[in-house]
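The task is simple: from the sequences and hints, build the whole structure.
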Amino acid sequence: MQSEVPVTTQRQSPGGVSANANSLFDGREGDPAILKHLANRIRMTAMSMTNHAHLGHTGGDLSASDVLAVLYGGVLQLDPQQPNWPQRDRFLLSKGHCAAALYTALAMRGFFETALLRTFMDPLSKLNGHPDRNKLPGVEANTGPLGHGLPIAVGCAIAAKMRGETWRTFVLTGDGELQEGSNWEAAMSAQQYKLDNLIVIVDRNRLQQGDFTENTIRMEPLADKWRTFGFAVTEIDGHNTATLREVLSGAPLEVGKPTCIIANTIKGKGVSFAENQPAWHHGVPTEEQLRKAAEELEAEPVW
Amino acid sequence: MQSEVPVTTQRQSPGGVSANANSLFDGREGDPAILKHLANRIRMTAMSMTNHAHLGHTGGDLSASDVLAVLYGGVLQLDPQQPNWPQRDRFLLSKGHCAAALYTALAMRGFFETALLRTFMDPLSKLNGHPDRNKLPGVEANTGPLGHGLPIAVGCAIAAKMRGETWRTFVLTGDGELQEGSNWEAAMSAQQYKLDNLIVIVDRNRLQQGDFTENTIRMEPLADKWRTFGFAVTEIDGHNTATLREVLSGAPLEVGKPTCIIANTIKGKGVSFAENQPAWHHGVPTEEQLRKAAEELEAEPVW
Amino acid sequence: MVTPPEIAAEESQPSAPTYTLGPKADCRDAFSQTLVELAGSDPRVCAVVNDSVSSTKLKGFMGKYPERFVNVGIAEQNMVGVGTGLANGGMLPFVCGASCFLTARAMEQVKVDLGYTRSNVKLCGMSSGMAYGQLGPTHHSIEDIAWTRVIPNLTVIVPADAAETEAAMRFAHATDGPMFLRISRVPVPSILPKGHVFEPGKAVLLREGHDVTLMANGVLVSRALEAANALAAMGIEARVLNMSSIKPFDEPAVLAAARGTRGIVTAEEGLRAGGLGGIVAEILATKARNAPPLRILGLPDVFAPTGTAEFLLEHFGLTAKGIVDASVELVGSKLPAR
Amino acid sequence: MVTPPEIAAEESQPSAPTYTLGPKADCRDAFSQTLVELAGSDPRVCAVVNDSVSSTKLKGFMGKYPERFVNVGIAEQNMVGVGTGLANGGMLPFVCGASCFLTARAMEQVKVDLGYTRSNVKLCGMSSGMAYGQLGPTHHSIEDIAWTRVIPNLTVIVPADAAETEAAMRFAHATDGPMFLRISRVPVPSILPKGHVFEPGKAVLLREGHDVTLMANGVLVSRALEAANALAAMGIEARVLNMSSIKPFDEPAVLAAARGTRGIVTAEEGLRAGGLGGIVAEILATKARNAPPLRILGLPDVFAPTGTAEFLLEHFGLTAKGIVDASVELVGSKLPAR
Ligand SMILES: Cc1ncc(C[n+]2csc(CCOP(=O)(O)OP(=O)(O)O)c2C)c(N)n1
Ligand SMILES: Cc1ncc(C[n+]2csc(CCOP(=O)(O)OP(=O)(O)O)c2C)c(N)n1
Ligand SMILES: [Mg+2]
Ligand SMILES: [Mg+2]
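Protein chains in written order, with the UniProt record's numbering: chain A, 1 to 303; chain B, 1 to 303; chain C, 1 to 338; chain D, 1 to 338.
In short, the hints are calculated from the structure, not lab data.
It cannot be assumed that every hint is accurate.
[To be verified] Computed, partial: chain D to chain B, Cβ under 10 Å: (1) Val48; (2) Glu67; (3) Val72; (4) Val80; (5) Val82; (6) Gly85; (7) Gly89; (8) Val112; (9) Arg118.
Cβ coordinates follow ideal geometry from the N, Cα and C atoms, glycine included.
This is the structure:
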């Protein structure tokens with residue numbers, strides 16, 4: 001497979017239906033401050049869901065929320081009315097344990113009722129602890145075991161090239177997750193097939209399940225790792241919605257190469273007691289902590 | 001596991017028994033020319049074995065023969081009389097498809113009768129198409145599926161550190177083999193545990209099964225890949241027995257870091273019609289071709 | 001049970017074999033030719049390989065449809081993931097590699113990305129069973145059926161010959177959902193007619209008989225037919241069923257065999273535990289009343305010694321003779337004692 | 001079959017339960033405590049984890065023996081490979097991670113580096129079955145028994161409670177060869193006495209009875225005992241066997257059940273196909289004469305919906321009630337009709 005369809009910035013948008021019908025993302029997402037507030041609503045909702053389920057992955061939800069707000073708040077070409085619109089951009093949450101944040105972003109974009117979020121992990125709920133595309137519109141891949149997203153994303157990006165289509169594929173991975181070798185297999189194939197329609201975002205929060213990444217398995221020099229695997233790489237502040245929006249909209253960084261965006265983040269971002277605390281990987285907030293979080297985030301859950 | 005036993009050049013040698021009893025490696029292996037001849041005997045034997053079995057992996061046998069001759073011809077501290085001597089150096093042939101070359105080196109070192117080589121892949125033979133440690137003394141790991149050797153070697157090297165012992169672990173991988181992600185998982189853990197008693201040798205013959213590596217999945221910049229994964233790296237001529245001996249004896253390249261030696265080789269080395277020919281990955285020589293090879297290699301099989 | 005038209009009429013009476021054994025062929029040729037044909041008529045069809053262009057016999061495909069051919073290198077996890085993404089992106093991928101590596105190395109991807117996700121990806125496990133012979137147990141896939149058949153949503157097919165390989169490929173192409181096809185490289189005699197159509201969950205009746213039922217798939221089917229001939233000469237009429245459809249499985253065919261014959265012998269190129277024989281045992285033990293005895297032919301709980309595929313099949317009694325012996329043991333010889 | 005001394009004498013007569021259910025415990029605690037103890041007396045004992053220090057409950061081990069604790073990060077293939085190398089280097093590694101990832105992600109390493117190589121490595125598959133509940137099918141290991149039991153040379157053990165977990169760990173430590181221990185996180189009542197000794201290939205008789213045999217392992221054993229109580233109240237005497245030793249397996253115990261009781265019910269936290277029920281079916285179908293009917297309780301061929309472990313066990317009828325119902329269906333109620 002060596003066909004080369006140039007990725008242009010002129011991409012198709014979903015025919016007919018407004019992309020943002022029923023969406024909480026209401027067209028003002030160009031404003032980084034509004035995006036920031038929407039990100040905080042994702043945070044607050046995800047924490048409320050974790051509190052509801054007594055289970056979840058708070059730290060990683062919070063570190064990824066700005067990326068999700070920026071993606072679903074405008075960067076991704078999607079049509080919630082036609083979740084399987086063939087030319088949609090693909091977003092894959094490889095760090096599937098942060099399903100609560102993804103579900104919230106999908107609901108905010110209008111893929112389903114926000115009320116559904118209240119069923120997180122309930123018996124027979126469509127909102128499993130890890131995303132299931134057979135249950136919910138908008139979910140692209142059933143993730144949960146780490147290291148599955150990037151290989152699938154590579155397949156999506158190759159498919160777009162094969163079909164001569166210009167949609168892009170975004171995949172969000174954890175940083176600890178990159179210890180899985182499957183990612184490096186996928187990275188090598190992405191560069192070989194010159195997948196400049198593939199954008200990997202690494203949620204570089206420097207923590208994994210049990211400890212800091214560098215205490216567990218050192219990931220640095222992470223940007224150089226990706227470069228030697230053939231990616232165009234940039235490192236940005238993963239909580240700066242303006243930068244995120246600019247870089248994600250503008251990707252690829254380089255024609256003919258897959259893009260890797262290392263989003264430097266803080267695990268537990270925005271909630272003082274959770275920030276940078278290993279235990280908040282899967283910490284569950286109490287009612288009290290929820291109130292504190294709402295204050296600090298200046299946000300209410302979207303449900 | 002953070003214990004740090006310094007790797008010194010003063011290593012134990014097998015107690016009592018001469019390491020080279022029954023060995024075709026007879027003590028003159030310091031001489032690079034003699035090592036070269038021994039390497040060519042490995043080549044000639046491996047080709048004869050492939051011819052005998054009508055099956056085998058000629059190209060990779062030939063590219064790896066100098067490395068094997070240098071390792072078994074003096075670098076490895078081993079005792080063929082006590083194949084399980086706890087303090088022996090470990091050598092793992094991760095590219096297990098080149099079993100014929102390994103078997104020959106083991107026989108030459110005296111682990112078993114060279115006559116056994118004539119049973120390569122025969123019914124019920126101990127010489128399977130890929131090495132089986134339960135059948136043959138001297139084999140450290142049952143390899144064949146690519147990407148298994150390095151993780152096991154990391155375990156060996158950690159074991160030595162845990163036990164406070166100074167033996168070293170060497171592992172020979174293919175270059176195409178490095179497309180397996182398990183290698184990069186292992187590489188990350190090797191740097192984390194500061195395994196300066198681990199030496200990875202990459203048989204960089206630039207060919208894999210179906211094509212050149214760079215036409216299949218580009219491996220360059222390979223040395224930099226290893227560097228970003230925390231290894232001390234050097235690139236050498238994998239057919240220069242003097243260099244090989246010097247570098248392999250002297251490893252680690254750097255205290256506190258695992259070593260990667262990229263041995264630039266030619267697949268099919270030494271046999272004109274096989275050199276650099278993708279088809280000779282598993283080409284089987286005819287009688288005629290065997291004669292030609294013997295002439296060019298100026299060597300006879302050891303059996 | 002699929003009853004081919006030619007023998008439907010005579011189904012109930014023991015008969016001379018309707019299917020005779022034709023010339024031997026390597027099923028990989030039918031596989032690759034069919035894939036090229038499917039790609040010709042369906043632009044979604046694409047192939048994914050792991051540096052296995054020649055062992056999957058896909059040189060022709062690669063030459064004809066280079067833009068729909070993906071070689072991910074030596075990376076089976078990625079191979080299955082890429083297949084999943086291709087399906088998500090609207091393509092119809094056939095993911096092809098040695099069965100031993102495809103199943104074992106990518107087991108979690110097969111479970112999650114295919115089974116759980118229900119991706120429309122077709123896995124083609126090549127050179128399965130002990131086809132790699134002397135290359136040894138690392139290259140054998142004697143557990144692949146036991147492993148894959150317990151993955152929910154995954155269809156599992158073990159074609160018996162070239163015609164059925166083609167039929168299975170066409171079925172895989174036409175039917176949505178994840179599938180595993182197990183394709184040998186051991187040359188097998190042709191059995192089924194050109195144009196044979198694969199029906200999921202249906203045993204293919206190859207020969208009628210009321211003394212013993214022989215159930216086999218893959219490389220063992222022709223051997224079961226040979227065994228039936230030999231048994232006939234001994235006065236034992238064997239029903240021969242090709243159990244190519246491992247999942248879904250033809251439960252009624254097993255229950256019919258339990259009612260209509262005095263013993264059942266299964267034969268497969270894999271472990272005795274958990275495979276075809278295991279499925280039949282589960283059905284008999286849980287659903288049949290007064291089931292006749294079952295003999296499961298396959299590998300005991302060991303890795304194979306060194307030897308060619310042919311040698312190993314012989315070594316483990318996976319031969320016509322092995323099937324005959326097991327049948328005689330079960331239902332006794334009808335020949336007068338000498 | 002291991003007959004505990006207390007009930008050996010009365011084995012042949014149906015009796016009140018000898019084993020009563022004690023307080024609930026998480027088997028992971030027994031696992032980690034035992035590992036610390038073993039490490040105290042044997043300097044070869046070491047642990048390998050995949051960023052799973054807390055889920056394997058190995059914080060204590062790590063604190064006490066940091067130099068014998070290896071965290072390879074999130075990398076299951078490497079984890080099993082590293083275990084193999086540690087064994088080669090003279091250590092005795094316990095390789096511990098969530099069963100779903102350990103088995104599926106490292107299946108080829110388990111097959112080749114452990115089974116084929118016969119490495120002295122102990123795999124501890126933690127939080128197995130559906131223990132991860134709402135985290136969903138990606139985190140369930142409902143196929144791990146079907147998968148691992150077909151790997152030659154691999155011993156497979158599913159302890160029923162804390163005491164048996166400790167016993168299995170001690171057995172694993174004392175016995176050379178590769179093993180897979182499946183350790184749940186679902187709290188289970190204590191059943192076996194402290195100091196219980198694990199015997200490979202032996203069913204543990206927990207209660208005698210001649211109407212129906214209940215065979216269970218892991219989380220299902222206490223439920224089988226509860227079921228036996230309920231059945232006794234209905235006039236049905238159940239023999240209860242703890243089949244913790246999946247491989248080797250106690251074939252004579254199955255044949256004795258086939259002879260001595262009128263029905264067999266198996267119950268396991270996994271798929272109905274290929275697991276404990278599958279093994280029993282294989283034995284019955286191939287070795288038993290006039291076997292009584294078998295009911296296999298487990299998951300049908302589906303991935304679980306969302307729900308807690310407890311909810312899912314209930315959902316799939318893996319409860320005392322489910323076992324009672326299946327038993328009554330098989331052997332009928334002895335209670336007079338109202
Ligand atoms: C294959 C696999 N192994 C282990 C786990 C268990 N696990 C869930 S989350 C996690 C840590 C992930 O860390 P990271 O990727 O850095 O994610 P984040 O910090 O964003 O939460 C682990 C080990 C898993 N989900 N999949
Ligand atoms: C996991 C796995 N996938 C595929 C193969 C089939 N295979 C055997 S050798 C080979 C090529 C290896 O190339 P390389 O590592 O460069 O070895 P060399 O060139 O030294 O022979 C392949 C793909 C295998 N043995 N293992
Ligand atoms: Mg992280
Ligand atoms: Mg090579």
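Do the hints match the structure? See the list:
| no. | hint | in the structure |
| --- | --- | --- |
| 1 | Val48 | holds (8 Å) |
| 2 | Glu67 | holds (4 Å) |
| 3 | Val72 | holds (5 Å) |
| 4 | Val80 | holds (7 Å) |
| 5 | Val82 | holds (4 Å) |
| 6 | Gly85 | holds (2 Å) |
| 7 | Gly89 | holds (2 Å) |
| 8 | Val112 | holds (6 Å) |
| 9 | Arg118 | holds (6 Å) |
In this structure, none of the earlier numbered hints is contradicted; all agree with it.
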